[in-house]
Amino acid sequence: TVAAFDSFRFVIKGSLAGAAVYVAYDQGLLGSGTQGAEALRKARAALPPAIQEWTSYMGWEVRTVQTNTLPPTPKFDFSPSDSWNKGVQTVMSALSVAPTRACEYTVEGWKYVKDLVK
1 TVAAFDSFRF
11 VIKGSLAGAA
21 VYVAYDQGLL
31 GSGTQGAEAL
41 RKARAALPPA
51 IQEWTSYMGW
61 EVRTVQTNTL
71 PPTPKFDFSP
81 SDSWNKGVQT
91 VMSALSVAPT
101 RACEYTVEGW
111 KYVKDLVK
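Residue numbers are given in full-length UniProt numbering: position 67 of the sequence shown equals residue 67, and the series is strictly consecutive.
Each hint should be verified, as a subset may be incorrect.
Cβ pair distances, simulated, as ranges [stated by the list, open to error]: (1) T55 x A19: 21 to 31 Å; (2) Q52 x A20: 22 to 32 Å; (3) L47 x G18: 23 to 33 Å; (4) K42 x Q89: 15 to 25 Å; (5) A4 x A45: 42 to 52 Å; (6) S83 x A19: 21 to 31 Å; (7) S15 x K75: 32 to 42 Å; (8) E53 x D26: 16 to 26 Å; (9) R41 x A17: 20 to 30 Å; (10) F10 x V97: 26 to 36 Å; (11) G87 x G14: 14 to 24 Å; (12) K75 x R41: 12 to 22 Å; (13) V97 x S32: 20 to 30 Å.
27 Å max Cα-Cα, derived DSSO-like pairs, lysine-lysine [claimed, not checked]: (14) K42 x K86; (15) K86 x K75; (16) K75 x K42; (17) K86 x K13.
What the hints contain is simulated information worked out from the structure, not anything from laboratory work. Since the structure is predicted, the reported quantities are computational estimates derived from the model, not experimental observations. Here a beta-carbon is modelled for each residue, glycine too, at the ideal position from N, C-alpha and C.
Let the sequences and hints guide you as you build the complete structure.
So this is what it looks like as structure tokens:
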């Protein structure tokens with residue numbers, strides 16, 4: 001029963017990961033930087049109405065805060081789309097050299113084992 005439960009968890013996690021990759025690809029997040037920026041713009045436009053609809057559906061009250069009681073927010077020079085694209089490029093770069101690195105490490109490992117046997 002434990003093995004079946006572990007297999008079920010593995011299938012569920014794999015399905016969620018596959019769905020996340022599919023949604024990211026479908027929304028253009030894995031494409032060029034302009035496609036990622038366009039997807040980010042769409043998300044920024046759709047998020048506030050979706051949150052408002054969800055909170056009204058759940059029966060929660062959204063309270064508005066007076067703007068003069070809060071200090072101004074600090075300005076950050078941070079672009080989520082640039083960070084996302086840099087992360088994707090880093091991962092793809094690492095994956096592209098992985099076969100070469102694996103061969104190098106295998107050769108080093110065999111040399112080490114041969115030296116131990118001598």
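Should the hint that F10 and V97 are 26 to 36 Å apart at their CB atoms be regarded as holding?
-> With a Cβ separation near 28 Å, F10 and V97 satisfy 26 to 36 Å, so the hint holds.
C-beta pair S15, K75: status relative to the range 32 to 42 Å that was hinted = 40 Å, holds
Below or equal to 27 Å on CA atoms is what counts here, so check K42 against K86.
-> Holds. K42 to K86 sits at ~20 Å (cutoff 27 Å).
Using the Cβ atoms, figure out if G87 sits within 14 to 24 Å of G14.
-> Holds, since G87 and G14 (Cβ atoms, about 22 Å apart) stay within the stated range.
Honestly, do E53 and D26 meet the 16 to 26 Å range at C-beta?
-> 22 Å, holds
K42 and Q89, beta-carbon distance inside 15 to 25 Å?
-> With a Cβ separation near 22 Å, K42 and Q89 satisfy 15 to 25 Å, so the hint holds.
Below or equal to 27 Å on CA atoms is what counts here, so check K75 against K42.
-> 22 Å, holds
Is it true that the C-beta distance of Q52 to A20 lies inside 22 to 32 Å, as the hint says?
-> 25 Å, holds
Falls inside 20 to 30 Å, the C-beta gap from R41 to A17?
-> The hint (20 to 30 Å, Cβ to Cβ) holds, given that R41 and A17 are roughly 26 Å apart.
Given the hint that K86 pairs with K13, test it: the Cα-Cα distance must not exceed 27 Å.
-> Between K86 and K13 the Cα gap is close to 26 Å, so the pair holds against 27 Å.
Would the pair K86 and K75 pass a check requiring their Cα atoms to be no farther apart than 27 Å?
-> With a Cα-Cα distance of about 22 Å, the restraint between K86 and K75 holds, given a limit of 27 Å.
Whether the CB-CB distance between L47 and G18 falls inside 23 to 33 Å = 24 Å, holds
Taken one by one, the earlier hints all hold for this structure without exception.
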